[in-house]
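Please build the complete structure, drawing on both the sequences and the hints.
Top to bottom, those sequences are chains A and B.
What the first sequence shows, in the working numbering, is residues 1 to 111, in sequence order.
What the second sequence shows, in the working numbering, is residues 112 to 222, in sequence order.
Some hints could be false.
List of simulated lysine-lysine pairs, DSS-like, C-alpha gap at most 30 Å [unchecked claim]:
| hint | chain 1 | residue 1 | chain 2 | residue 2 |
| --- | --- | --- | --- | --- |
| 1 | A | Lys42 | B | Lys176 |
| 2 | B | Lys176 | B | Lys122 |
| 3 | B | Lys176 | A | Lys56 |
| 4 | A | Lys3 | B | Lys168 |
| 5 | B | Lys122 | B | Lys168 |
| 6 | A | Lys3 | A | Lys56 |
| 7 | A | Lys56 | B | Lys168 |
| 8 | B | Lys122 | A | Lys42 |
| 9 | A | Lys3 | A | Lys42 |
| 10 | A | Lys56 | A | Lys42 |
| 11 | B | Lys176 | B | Lys129 |
| 12 | A | Lys42 | B | Lys168 |
| 13 | B | Lys168 | B | Lys129 |
If you are wondering where the hints come from, they were derived from the structure by calculation, not from laboratory data.
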Amino acid sequence: QQKVQQSPESLTVSEGAMASLNCTFSDGTSNNFRWYRQHSAKGLEVLVSIFSDGEKEEGRFTAHLNRANLHVSLHIREPQPSDSAVYLCAVRSSGSWQLIFGSGTQLTVMP
Amino acid sequence: EAAVTQSPRNKVAVTGGKVTLSCNQTNNHNNMYWYRQDTGHGLRLIHYSYGAGSTEKGDIPDGYKASRPSQENFSLILELATPSQTSVYFCASGEGHYEQYFGPGTRLTVL
Numbered sequence: 001q002q003k004v005q006q007s008p009e010s011l012t013v014s015e016g017a018m019a020s021l022n023c024t025f026s027d028g029t030s031n032n033f034r035w036y037r038q039h040s041a042k043g044l045e046v047l048v049s050i051f052s053d054g055e056k057e058e059g060r061f062t063a064h065l066n067r068a069n070l071h072v073s074l075h076i077r078e079p080q081p082s083d084s085a086v087y088l089c090a091v092r093s094s095g096s097w098q099l100i101f102g103s104g105t106q107l108t109v110m111p
Numbered sequence: 112e113a114a115v116t117q118s119p120r121n122k123v124a125v126t127g128g129k130v131t132l133s134c135n136q137t138n139n140h141n142n143m144y145w146y147r148q149d150t151g152h153g154l155r156l157i158h159y160s161y162g163a164g165s166t167e168k169g170d171i172p173d174g175y176k177a178s179r180p181s182q183e184n185f186s187l188i189l190e191l192a193t194p195s196q197t198s199v200y201f202c203a204s205g206e207g208h209y210e211q212y213f214g215p216g217t218r219l220t221v222l
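Put into structure tokens, the structure is as follows:
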């Protein structure tokens, strides 16, 4: 079964510095990748969905996918303290509808 | 945008007691889902539903029942709650499986 792992578990960056989060997956046929943000006491907010190798930008959030390396990353440009949250990677294998989630990265943005 | 609400937001239960977690969605989505989130595991699928009267088992259904009495409502039932069911529970809804809109979560503590 698909395994999804995120790193680092926690990350602290200064306001305005780029934040980079990583996600590796085990099924090279996966075809749907999402990054969610989870603020405490709120639901999950989808930030970026990416379906093919390369880059997908949504505002300050950019996802990079390299299926050959079983790797998808999220880069947050000019992070703000309000971006402090847990970020979850979710992956769907081809032939399956289920989203498999990683365990998350806790991002803290210091003013 | 999909609106998914959950109640209660926080619940403390005793071992052996019955717990019902409720979810309501207002966007007329056919599919609804229940996940739990635990440290180190990400979100794991417990039960899901394709519409009123339908319930299906997810990856970790043991100890849980689900009920979908209407298009809008989807409940998760713990008949005999155990401390291992202490977790944060998320409900989601979607049209098809490709977009899932999440509620704010319910924090359940079983003593």
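Evaluated hints:
no., hint, in the structure
1, A:Lys42 - B:Lys176, "25 Å, holds"
2, B:Lys176 - B:Lys122, "18 Å, holds"
3, B:Lys176 - A:Lys56, "39 Å, violated"
4, A:Lys3 - B:Lys168, "20 Å, holds"
5, B:Lys122 - B:Lys168, "24 Å, holds"
6, A:Lys3 - A:Lys56, "23 Å, holds"
7, A:Lys56 - B:Lys168, "34 Å, violated"
8, B:Lys122 - A:Lys42, "16 Å, holds"
9, A:Lys3 - A:Lys42, "26 Å, holds"
10, A:Lys56 - A:Lys42, "25 Å, holds"
11, B:Lys176 - B:Lys129, "11 Å, holds"
12, A:Lys42 - B:Lys168, "26 Å, holds"
13, B:Lys168 - B:Lys129, "20 Å, holds"
Comparing the model with each numbered hint stated earlier shows that hints 3 and 7 do not hold.
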